[in-house]
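First to last, the sequence lines map onto chains Y, H and L. Residue 1 is where the first sequence starts when you use UniProt numbering, and the numbers rise one by one after that. Residue 1 is where the second sequence starts when you use UniProt numbering, and the numbers rise one by one after that. Residue 1 is where the third sequence starts when you use UniProt numbering, and the numbers rise one by one after that.
Careful: at least some of the hints might be erroneous.
DEER-style ranges, computed between Cβ atoms [what the hints assert, rightly or not]:
{"id": "1", "chain 1": "H", "residue 1": "108", "chain 2": "L", "residue 2": "734", "range": "37 to 43 Å"}
{"id": "2", "chain 1": "L", "residue 1": "266", "chain 2": "H", "residue 2": "71", "range": "57 to 63 Å"}
{"id": "3", "chain 1": "H", "residue 1": "91", "chain 2": "L", "residue 2": "185", "range": "54 to 60 Å"}
{"id": "4", "chain 1": "L", "residue 1": "734", "chain 2": "H", "residue 2": "146", "range": "51 to 57 Å"}
{"id": "5", "chain 1": "Y", "residue 1": "118", "chain 2": "L", "residue 2": "93", "range": "39 to 45 Å"}
{"id": "6", "chain 1": "L", "residue 1": "734", "chain 2": "Y", "residue 2": "65", "range": "53 to 59 Å"}
{"id": "7", "chain 1": "H", "residue 1": "71", "chain 2": "L", "residue 2": "115", "range": "33 to 39 Å"}
{"id": "8", "chain 1": "Y", "residue 1": "76", "chain 2": "L", "residue 2": "178", "range": "21 to 27 Å"}
{"id": "9", "chain 1": "L", "residue 1": "537", "chain 2": "Y", "residue 2": "65", "range": "55 to 61 Å"}
Under the rule of at most 30 Å between Cα atoms (straight-line distance), these lysine-lysine pairs were calculated in the DSS-like manner [as the list claims (entries may be wrong)]:
{"id": "10", "chain 1": "H", "residue 1": "170", "chain 2": "L", "residue 2": "281"}
{"id": "11", "chain 1": "L", "residue 1": "634", "chain 2": "H", "residue 2": "170"}
{"id": "12", "chain 1": "L", "residue 1": "634", "chain 2": "Y", "residue 2": "143"}
Partner residues are not named here, just some residues of chain L that face chain H (Cβ under 8 Å, in silico) [unchecked claim]:
{"id": "13", "residue": "684"}
{"id": "14", "residue": "686"}
{"id": "15", "residue": "692"}
{"id": "16", "residue": "694"}
Hints are computed from structural coordinates only; laboratory data are not their basis. The model shown is predicted, which means the values in this text are computed figures rather than measured ones. Ideal placement from N, C-alpha and C gives every residue a C-beta, glycine not left out.
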Amino acid sequence: MQINVNGTQHEVDVDEEMPLLWVLRDELNITGPKFGCGIAMCGACTVHINGQPARSCSMPVGQVSGLITTIEGLGTPDAMHEVQAAWVEHQVAQCGYCQPGQIMSAAALLQMNPNPDDEAIDHAMSANLCRCGTYPRIRAAIKAAAQNIREKSA
Amino acid sequence: MKIKLFLLKTAALILMPAFFATAQSVPVQPDEISQSRAAEAWSKVYQVFSHPRCANCHVPDDNLPRWSGPSYGKTSVHGMNISGGQSRIGVETVMCSTCHAHSNSDEPHGPPGSPVWMLAPVEMLWWQQSSKQICEQIKDPTRNGGRTLEEVAHHIQEDELVHWGWDPGKGREPAPYSAKETADFVTLWANAGAPCPE
Amino acid sequence: MSTLGKITRRTFVIGSTAITGGVLFGVYKYKQPYPNPLEKNLAQGETALTPYVLINANGVTIIAPRAEMGQGVKTTLAALVAEELDIDVQNVRIEHGVPSNAYYNAAVLEEGVPFPPQDTSSTAQMARDFMHVPAKFFGVQVTGGSSSTVDAFEKMRMAGATAREALLLAASAKLNVAKNTLSTDNGEVISKDGQRIAYTELASLAASVELPDDVKLKPKSEWKQLGRPIPRVDMVEKCTGTATFGIDVLQKDMLYATIKVNPHLGAKCHAFDTNNAANMKGVKAILPLADVGAAVVATNTWYAFKAAEKIDFDWAKTQYAQSTDELFESAIAAFNEEHQDSQNRDDGDVDAVIGAAGDATIHREYRAPLLAHATMEPMNATAIMKDGQLDVWVGTQMPTYALSEAARVSGIEAQNIRIHTTYLGGGFGRRLEMDFIVYAVMVAKQLEGTPVKVTWSREEDMTHDSYRPFAVARFEGVTQGKNITALDVKVSSPSVMESQMGRLGVSLPGPDSTIVQALWDQAYTIENYRVTGYRVPMGIPVSSWRSVGASQNGFFNESMIDELAIEANADPIEMRLSLITHQPTRNVLEAVANMANWGSDVAENHGLGVALVTSFGVPVAEIVEVVNTPRGIKILNVYVAADVGLAIDSRNIEAQLISAVNFGLAGAMMGEITLLDGKVQQTNFHNYDAIRMHQAPVIHTKILENGERIRGIGEPGTPPAAPALANAIFAATGLRMREMPFNKHIQFV
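Next up, chain Y with everything else stripped away, as it sits in the complex (with noise of 0.2 Å):
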């Protein structure tokens, strides 16, 4: 079957039912997206498929159509996107495990929502676990980067 991921189209050979995450894991050796519990309940799979956040140990890779994005698609050392800045800006990872996802959550939420209040921030990020207990700097973070998306916008 074929993938398209960060703009490359793949082709894979593997059971329908294999979950997203580990075709590209170990299939494609993109490994930015991380297995954390296999059952949507950590966030550290977290993918974009079509700009929608999906978690990609629970997506069979059969079920999926349209543009995945890895956290390597949505920016690079030299070209990092703005949530990707401001988390670095924040200094926000300790271990670092867990943040691909939470910035791919982070990403998605301010593609719908640009200036996401506490709240906000609160429901679309409690399914990202952390635990180095980074969240008061993702919040910072999430803020910061709504605010320079924004100004760029502007």
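Add chains H and L to chain Y, keeping to what the hints say.
Positioned in the frame of chain Y, the structure of chains H and L alone reads:
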């Protein structure tokens, strides 16, 4: 005998819509046997509608899906601060489809799935509602999606998300009976004048 | 002033701190440095200046030999070297380096001395310094005990200064000028007349310089990098998905595997049947894992997971406690002389005062459950055994033990093994263990020539942890007026040291101070004060969980102190202050009281609770503010004050405090590992959850620097969180939590 049965069935098929039509426009005078069978049919429908697999998403305007049923132990709202939002599909918060795929997860405690995943419209409240309350709701076109009871039965029989209630995946107790049986209970009950409990 | 031609010495002498008592172990032997591990694999044109600095034509590499698990140690340790070396830490390459005894942790044993941290007498200080001696002989390279910065502070600055000296000597020879006419700045040596030579150009010349052993360190006032927030060198990669954790390692032609080990932890696997699994899609092999389980090797981790689920196992059972109730029964059963492990404090005459007080004595019992570490990154390791060589890629907190275990299991000599330490997606003590490394080597051995990545499922990870121990504490306290006149503390729990070190084949004699950590060693002076530890016989595996014994004992002690204050009608902070003379500890308590406006009117349904715990030498005071809503308790604010002695990077310290508080709150609110039929019941985040964004409070931090020596900060923020929360809940609701997790008795929103 066979011909008689065939004629009876055909007559019933032809006449049934007529029954529905009359049910909407002219109050039916149900006989006593019909009433107890209708009440029995409705109670089965209530068993289905109030079952966790249905009621967990037929929630009030707090827009919070529920986690209830034998597999959950204690009843709670959906974890991780998940809310369907006013859109009932998570547009304002996190889209339901972020975690819920088109089919049930194969993993124990993984997310259930269906081609569509969303909360029922807010007016179709079943969570912690009595049999009488749900009965009145299902008959009310302003609260049942503008449907006739025949259309309600049809909806139960055809809708994919409704069907999920009987095929909820590993570890979750399905709603009782089946989609077809439930649709048939609705039909029978409707034919008898759709009486609601006191 | 050329120093060329002298006999070169590539080794590095440990810092010049005077060690008394070293004579017992042979001063000469102690002063002999470990060989420089960098010497073995120098490439052409590469120079090692101390075990921490590597220079070639392309640049400077600093070795930061501690596990980077989010505590920022890669950046901080490299900055210690970079500061003295006069090069920007953002402009160097930083590597973890190979496992080596030369990178041993001297500071990790410091707080194991029988002196409480407030005791800064010369005897106590000598004892702490003395612990460097056995630490060196053990030669253990370990990241833990909030000790990395403490251990590296002098050692790695000395390395930087020594390397800088060598470069100056080299430049002096090259330019034929006196060394004292030269200076350094940002990676270059600068001559009086403005010539600039990059370190990279001086490297090979510096190789033939005799390393000085009397370098002076910069005074704090001259620090350009230390003492202020340093952007973490791993931040960009962690925000762009380009950082490599153990689970991300890729090797050519690599296969993917998972394991299934007996869920009756410690018991064997009698047999397994692969009939339903062997022919599943993607499966390459199903291999025995010694006598404890099996491994499935496949072309994709998910195929391995699916096949592993279909193997039928015949598991042996364990003989220890089979249920949660039995665990706590075993703790209670250990409250007797036969199981007494330590009595680290026995001041005055507790029995007499309690006897005299009679019914006025306050008796309390508290409990804490087993807890899982639940790092975000499940256990994993990648290995290849080929032609008598072994390579292992893994996130480990103990690389030297990883090396020796890999050697033991593979049968290959250590010199033919390379351990590549990656980033850790969370440690919290879990990655001190060796099981995931051992299993990966066992699999690689059976797949000779093929690299294999062994990833545990979350279910396997959750149910095969070595847990934070369960514990029961019994207190008896007597108050007089607003004073505590007697306090008797008895705590019973299994021994972390016995369990953890036992798995490494080490049998430690003597008591396990972690059983009574944070109970006997606090800053309170109580006239009649006794603390006794009881050791529960070994059963379910237990291990170090962030802040170790303090994680449960902090809850016990600070709840009891609070209950006594309330019984005595005393303000909880005033009562504590009346018991403390150690000024730095008083300062953190007063600071947090200030931050929270303690004493001012509290809004309706709100409650404030305070707790003060010193662990790893760091006094930390926390005040939690909760509000009791109709749907449950909401944690609004946490105020934290901590004294680290000397703050090298305040932003990083603040991040650690926030992290530790959230970690402690999660355990207090909802963490619980239970047993049924001898097996752990919790399998994933649906029944072992942690605090999330919507429940995380606003956390206010204050860093104090009154302490006598530099301290670490990875763990000390955790122990006060649970008791401060319990005390706040009491203040808001009148409900007293005497066991964790609190969600057994109340709801949190």
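For each hint, the structure was consulted:
The beta-carbon spacing between residue 108 of chain H and residue 734 of chain L, approximately 40 Å, falls within the hinted interval of 37 to 43 Å. A hinted range of 57 to 63 Å for the beta carbons of residue 266 of chain L and residue 71 of chain H is inconsistent with their spacing of about 30 Å. Against the hinted window of 54 to 60 Å, the Cβ-Cβ separation of residue 91 of chain H and residue 185 of chain L comes to about 56 Å, which satisfies the hint. Checked against the hint of 51 to 57 Å, the C-beta distance between residue 734 of chain L and residue 146 of chain H comes to roughly 52 Å, which is consistent with it.
Checking the proposed 39 to 45 Å range against residue 118 of chain Y and residue 93 of chain L shows it holds: the Cβ atoms sit about 40 Å from each other. For the hinted restraint 53 to 59 Å between residue 734 of chain L and residue 65 of chain Y, the CB-CB distance of approximately 57 Å keeps it satisfied. Checked against the hint of 33 to 39 Å, the C-beta distance between residue 71 of chain H and residue 115 of chain L comes to roughly 53 Å, which is inconsistent with it. In this structure, residue 76 of chain Y and residue 178 of chain L break the distance hint of 21 to 27 Å, their C-beta atoms being roughly 48 Å apart.
Between residue 537 of chain L and residue 65 of chain Y the Cβ separation comes to about 58 Å, which falls inside the hinted range of 55 to 61 Å. For the hint pairing residue 170 of chain H with residue 281 of chain L, the CA-to-CA distance comes to about 22 Å; that is within 30 Å, so the pair holds. For the proposed pair residue 634 of chain L and residue 170 of chain H, the alpha carbon gap of about 34 Å is over 30 Å, so the pair is violated. A distance of roughly 23 Å separates the Cα atoms of residue 634 of chain L and residue 143 of chain Y; the hinted pair therefore holds under the 30 Å criterion.
Interface hint status for residue 684 of chain L: upheld, as the beta-carbon distance to the closest one in chain H is roughly 6 Å, under 8 Å. The criterion of a C-beta within 8 Å of any C-beta in chain H is met by residue 686 of chain L, whose closest approach is roughly 5 Å, and the hint holds. Hint on residue 692 of chain L holds. Least Cβ distance to chain H is approximately 6 Å, under the 8 Å limit. Nearest Cβ of chain H to the Cβ of residue 694 of chain L: about 4 Å, under the 8 Å cut. The hint holds.
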